[in-house]
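Engineer: Just so we're aligned: 170 in numbering that gives the first Met the number 0 is position 171 of the sequence shown, and the numbers increase by one with no gaps anywhere.
Hints may be right or wrong, so weigh each one.
Unchecked claim - Pair ranges (Cβ atoms, derived):
#	residue 1	residue 2	range
1	Leu259	Leu54	32 to 38 Å
2	Val257	Ser53	43 to 49 Å
3	Thr56	Gly261	42 to 48 Å
4	Leu267	Pro59	43 to 49 Å
5	Glu202	Leu154	17 to 23 Å
6	Leu3	Gly203	41 to 47 Å
7	Ala196	Ala125	40 to 46 Å
8	His211	Leu150	25 to 31 Å
9	Ala135	Pro59	39 to 45 Å
For the record, the hints were derived by calculation from the structure and aren't laboratory data.
Please read all numbers here as calculations on a predicted model, not as lab measurements.
Each residue gets a CB set at the ideal place from its N, CA and C atoms; glycine is no exception.
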Amino acid sequence: MQALWMIAGSFFFATMAVCVKFASQWFNPSELVFYRGAIGMLLLWAIARYQKQSLATQYPWMHTWRSVIGVFSLGAWFYSIGFLPLATSMTLNYMSSVWVAAFLIGGALITWNPKQAGGSPMGQGALVLTVLMGFAGVVLMLRPTIAQNQLFAGLIGLISGLTAAFAYMQVMALGKIGEPETRTVFYFAAGSAVGGAIGMAFEGISPWNWAHAVWLVPIAVLAAVGQLCMTRAYSRGPTLVVASLQYFGLVFGAIYSVTLFGDHIELLGWIGMALIVASGIAATVLRARAAPNAPAEEH
Numbered sequence: 000m001q002a003l004w005m006i007a008g009s010f011f012f013a014t015m016a017v018c019v020k021f022a023s024q025w026f027n028p029s030e031l032v033f034y035r036g037a038i039g040m041l042l043l044w045a046i047a048r049y050q051k052q053s054l055a056t057q058y059p060w061m062h063t064w065r066s067v068i069g070v071f072s073l074g075a076w077f078y079s080i081g082f083l084p085l086a087t088s089m090t091l092n093y094m095s096s097v098w099v100a101a102f103l104i105g106g107a108l109i110t111w112n113p114k115q116a117g118g119s120p121m122g123q124g125a126l127v128l129t130v131l132m133g134f135a136g137v138v139l140m141l142r143p144t145i146a147q148n149q150l151f152a153g154l155i156g157l158i159s160g161l162t163a164a165f166a167y168m169q170v171m172a173l174g175k176i177g178e179p180e181t182r183t184v185f186y187f188a189a190g191s192a193v194g195g196a197i198g199m200a201f202e203g204i205s206p207w208n209w210a211h212a213v214w215l216v217p218i219a220v221l222a223a224v225g226q227l228c229m230t231r232a233y234s235r236g237p238t239l240v241v242a243s244l245q246y247f248g249l250v251f252g253a254i255y256s257v258t259l260f261g262d263h264i265e266l267l268g269w270i271g272m273a274l275i276v277a278s279g280i281a282a283t284v285l286r287a288r289a290a291p292n293a294p295a296e297e298h
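Take the sequences, apply the hints, and build the full model.
Structural biologist: Quick look at the structure:
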């Protein structure tokens with residue numbers, strides 16, 4: 000049953016990305032971030048009240064830092080969705096697990112003391128191979144699937160995965176000090192509303208049309224429901240199995256990309272996507288060994 004919760008969560012996040020893709024025709028990324036945050040904040044407030052969970056926190060600056068990084072990552076991802084094939088954009092965002100593995104390697108190199116026995120960074124061979132496989136997948140996927148005029152959006156999509164990794168590490172830190180996930184997600188939604196509003200001051204506000212605005216509500220609702228499904232899966236199932244199943248989101252994204260948007264992905268693109276999925280699962284397994292009680296990732 001826990002596996003089904005994770006697969007359902009992945010489906011909801013992939014469907015949210017579809018709504019973002021449609022909405023990006025009429026709204027800029029800052030507006031999408033704002034509405035996702037504002038509507039999501041109301042939903043999470045209601046959920047917190049239902050769970051009788053206080054939203055007061057003793058760590059406002061940690062939530063602020065997590066929100067700043069997370070909002071930047073979310074905005075970058077929404078931007079890339081508007082310009083790239085959906086499957087490509089989602090795959091680049093799911094690179095966050097590979098980036099976390101790269102950070103672990105960097106941390107081992109920085110803290111390694113050759114005068115001390117053991118702990119050699121050469122022992123990080125599995126992580127190194129995981130990272131190399133992930134970036135090989137990026138090269139294979141981007142070359143055949145991105146036109147020259149989409150290279151900038153591809154770079155932004157890659158940055159979204161990088162900053163998502165930073166945000167996730169901050170979420171892990173909040174989890175270690177005992178912050179409930181509902182509270183953490185609520186403050187991220189609040190930060191998204193604030194960050195989106197600031198972005199709108201620079202990007203402007205699109206003309207309002209109810210036929211177009213209909214896409215805004217499901218973006219927030221699907222994100223909230225997807226996060227709740229993933230949280231339920233992590234709380235009741237084996238971490239390694241459940242965490243690996245999040246990559247079903249890329250399967251759903253690829254199906255949407257081909258069937259709804261008519262995107263053509265060449266063989267090298269599919270091979271690159273498979274490499275990224277494999278490296279992401281491997282990175283998730285290796286990370287779970289180091290942090291077995293890590294919270295759910297957000298997409």
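Engineer: Look at each hint and say if it fits the structure.
Structural biologist: Outcome of the hint check:
For the pair Leu259 and Leu54, the supplied restraint of 32 to 38 Å holds, since their beta-carbon distance comes to about 37 Å. Judged by the Cβ atoms, the range 43 to 49 Å given for Val257 and Ser53 holds: they are separated by roughly 45 Å. A hinted range of 42 to 48 Å for the beta carbons of Thr56 and Gly261 is consistent with their spacing of about 45 Å. With their beta carbons about 47 Å apart, Leu267 and Pro59 fall inside the hinted range of 43 to 49 Å.
Between Glu202 and Leu154 the beta carbon distance is about 19 Å. The supplied range of 17 to 23 Å therefore holds. For Leu3 and Gly203, the hinted distance range of 41 to 47 Å is satisfied, since their beta carbons lie about 42 Å from each other. Take Ala196 and Ala125: their Cβ atoms lie about 43 Å apart, and the range 40 to 46 Å holds. In this structure, His211 and Leu150 meet the distance hint of 25 to 31 Å, their C-beta atoms being roughly 28 Å apart.
The given range of 39 to 45 Å is respected by Ala135 and Pro59, whose C-beta atoms sit roughly 41 Å from each other.
Consistency with the previously given hints is maintained throughout, with no hint failing.
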